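Chains as they are written, first to last, in my numbering: chain S, 1 to 412; chain Y, 1 to 412.
Some hints here could point you the wrong way.
If several chains are the same, the list does not tell them apart, and a pair holds so long as it fits within one copy or across any two.
[Said to hold, decoys possible] Distance condition first, Cα-Cα at most 30 Å in a straight line; then the derived DSS-like pairs of lysine-lysine:
no.: 1; residue 1: K45; residue 2: K18
no.: 2; residue 1: K45; residue 2: K63
no.: 3; residue 1: K191; residue 2: K361
no.: 4; residue 1: K191; residue 2: K221
no.: 5; residue 1: K91; residue 2: K110
no.: 6; residue 1: K28; residue 2: K63
no.: 7; residue 1: K91; residue 2: K63
no.: 8; residue 1: K326; residue 2: K302
no.: 9; residue 1: K28; residue 2: K220
no.: 10; residue 1: K28; residue 2: K361
no.: 11; residue 1: K404; residue 2: K259
To be clear, the hints were calculated from the coordinates, so they are not data collected in a lab.
Everything numeric in this text was worked out from a predicted model, so none of it was measured.
Protein chains: 2
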Amino acid sequence: MAIVVQKFGGTSVADAEKIRRAAGRALKAHNEGHQVVVVASARGKQTDQLVADALELNPNPPKREMDMLLSTGEQQTVSLMAMALEAMGQKAISFTGQQVQMVTDAAHGKARIQNIGAERIRESLDAGHICIVAGFQGVDDEGNITTLGRGGSDTSAVALAAALGAGTCEIYTDVDGIYSTDPRKYPNAVKMEQISYDEMLELASLGAGVMHGRAIEFGKKYDVTIHVRSSMDDSTGTLITHEVPQMEGIVVSGATSQKDLAKIALIGLTNTPGNAAGVFAHLAGSNVSVNDIIQTEVNSEKATLSFTVARSDLDAAKQAIEDIRKQIDCESVFIREDIAEVSVVGVGMRSHCGVAENMFKALSTNKVNIDSITTSEIRISCLVDLADADRALIAVCDAFELDKPATQRAQP
Amino acid sequence: MAIVVQKFGGTSVADAEKIRRAAGRALKAHNEGHQVVVVASARGKQTDQLVADALELNPNPPKREMDMLLSTGEQQTVSLMAMALEAMGQKAISFTGQQVQMVTDAAHGKARIQNIGAERIRESLDAGHICIVAGFQGVDDEGNITTLGRGGSDTSAVALAAALGAGTCEIYTDVDGIYSTDPRKYPNAVKMEQISYDEMLELASLGAGVMHGRAIEFGKKYDVTIHVRSSMDDSTGTLITHEVPQMEGIVVSGATSQKDLAKIALIGLTNTPGNAAGVFAHLAGSNVSVNDIIQTEVNSEKATLSFTVARSDLDAAKQAIEDIRKQIDCESVFIREDIAEVSVVGVGMRSHCGVAENMFKALSTNKVNIDSITTSEIRISCLVDLADADRALIAVCDAFELDKPATQRAQP
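Whole structure, please, built from the sequences with the hints as guidance.
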């Protein structure tokens, strides 16, 4: 009997009817002969409500107490789903993160899973139960409740699948899979049949919000295929898997645009060892996350160091730069807020030439000016004017035929 | 530094403002030099809402899952109260029942505390924290979450006070103490300054809902004075303590009336060993709780066996009696639903004569007919017509001067 792990997000368990439907799906897999583990999130807007309750009492609530509070949302869902299954005549048992020994570090609010002692789940599965495990939460070495951060239930589910040796983790959501780009921005976007972990990690880091990076990393590390699919029907969604040979033929799998960025450039920075490190250490110390660093030499002594940050972090970043300017030698600081980033991702880039050329041509044909360019092995990103962002994404999607199934696209 | 345990019920933590007020009270005790442990219930109607959510999915939810669900209410309150204290600049930490090792048996929904490993609380107190512990909940040997049943947070608080060696447990509530009788039924009822554990146990068993019997038993067993007081002001409430000599002078401390009863009489029951035991074993097997058993011999072979049950249990009791009648020899079964019980309680009865006489005289003067009488060492109860119940209680309260402070009452 194979173990199947099914994860249901907040919208898929928002009310009694949806909890019943999710329970029915778990029961179906059980009746097909599988041992079923369900991972569930908090119902609908419960977490938002709890956050509001907390902020009413403390504008800056201690993270340990926040985890204690928020973890109740998932605990409620799992007990309710166990009740729903029992009402269907199926033995079911719910567990908190603590009860399945989902051990994490003590970084409240963004804890990382260190170990899962899944014995209790195995015992219950062998006794014929469907097991329902609270997602998003764990427990540290001292028994404090922790949470895994945004999208943490996905990570719980994939990590449990890994610990239980389940080959696949099904992520049920309100969309039917992962699209080549955001269909709200490019209505002809197509659903991908499969995508590699590495591509999905790039897309996740570019703000394509379907799945959390940590969950994808777990899948990659522990060989768990992640199946993102709709909770509303039985159609196949998108499989996130190891790279397989046919993926090489797909030059660009997906495209994204990000509009919530700002660019900071330190101009005329004296190019001595440790200067750049000092800047980024100081930004990290201010909890500013930095993307897309570019350093260009102006001459043998001076360089320009530029990078992007989330626009919500811009004030903190400005302050951090202001502080560090006393220690580094830098002629001026240039900040641009009206900026966006358009990116294409695909493992086929490794073996195909002309992808960058194709992208730049599509942008220039559409009169989109490129501010700067960064690349990874499987990604090309261009900073463009914020006003051009939507047009730029459409141009790039058209150029790489992201409105067609991957196998029908022309090769560059 | 003395340890103080403060318990706040659901109405005392119903919203942010009330949580802040409760937190302020804990902080005051802390600032007076005490080590403070707070035990809190679920906010306002949260538990009712969770029960409704459960019943929507399963009309007969498994008790283990119900405990898993309901325990979240208290967990939310304690984390919120810790946040409120931190916002006041006070170090605070919240704990679940599991985290303080409130170990119970596995009787979900009515678990009994077996052991409390309070080390984690002591450490946190010594580190200068106010500790906020979720009431009502515990954990069994296998790590399942349990709940202690109605009024369980009182029991949590008194048990914690016992485990921590705190001499007093303060129970904050929306009334300012315990009254000689229910002021809604007898407006001149007076607040008691103190009452013995045994009297309070009798009153609790008679439906005076101020405190749960288990909490009082813990207080008695482990020498914890229970101080029932108002969460709205600083006035002294009622102390529940061991019997002290001056209590002997108080013949009747309190009176109660119960209207939710039914009386069952098995008439002409063959008086052979085991017959009565069989009846009550069968009732217990049907989860019917029996009060006030009276057996009277009709002749050397036959007896009448009568008892009361909660009216909500009457259908189950009737069915159980119907079943057992096949095995016992009984001429007829008589059931009375229009019945009520009026009781007086007081440790002074042990050393004073004439209490029963005084009670019966008060009832007869007021034309209340007595159906039957039961007594314990410190209690006299009369079954009366339901229609006479209110009048009977007032007559008895007047007779024993329950409108006067205990020390000013005339002796019989």
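Each hint, compared with the structure:
no., hint, verdict
1, K45 x K18, "both (14 Å within a copy, 24 Å between copies)"
2, K45 x K63, "both (20 Å within a copy, 26 Å between copies)"
3, K191 x K361, "within (26 Å within a copy, 88 Å between copies)"
4, K191 x K221, "within (25 Å within a copy, 68 Å between copies)"
5, K91 x K110, "between (33 Å within a copy, 22 Å between copies)"
6, K28 x K63, "between (39 Å within a copy, 25 Å between copies)"
7, K91 x K63, "between (36 Å within a copy, 13 Å between copies)"
8, K326 x K302, "within (17 Å within a copy, 104 Å between copies)"
9, K28 x K220, "within (28 Å within a copy, 54 Å between copies)"
10, K28 x K361, "neither (50 Å within a copy, 71 Å between copies)"
11, K404 x K259, "within (25 Å within a copy, 76 Å between copies)"
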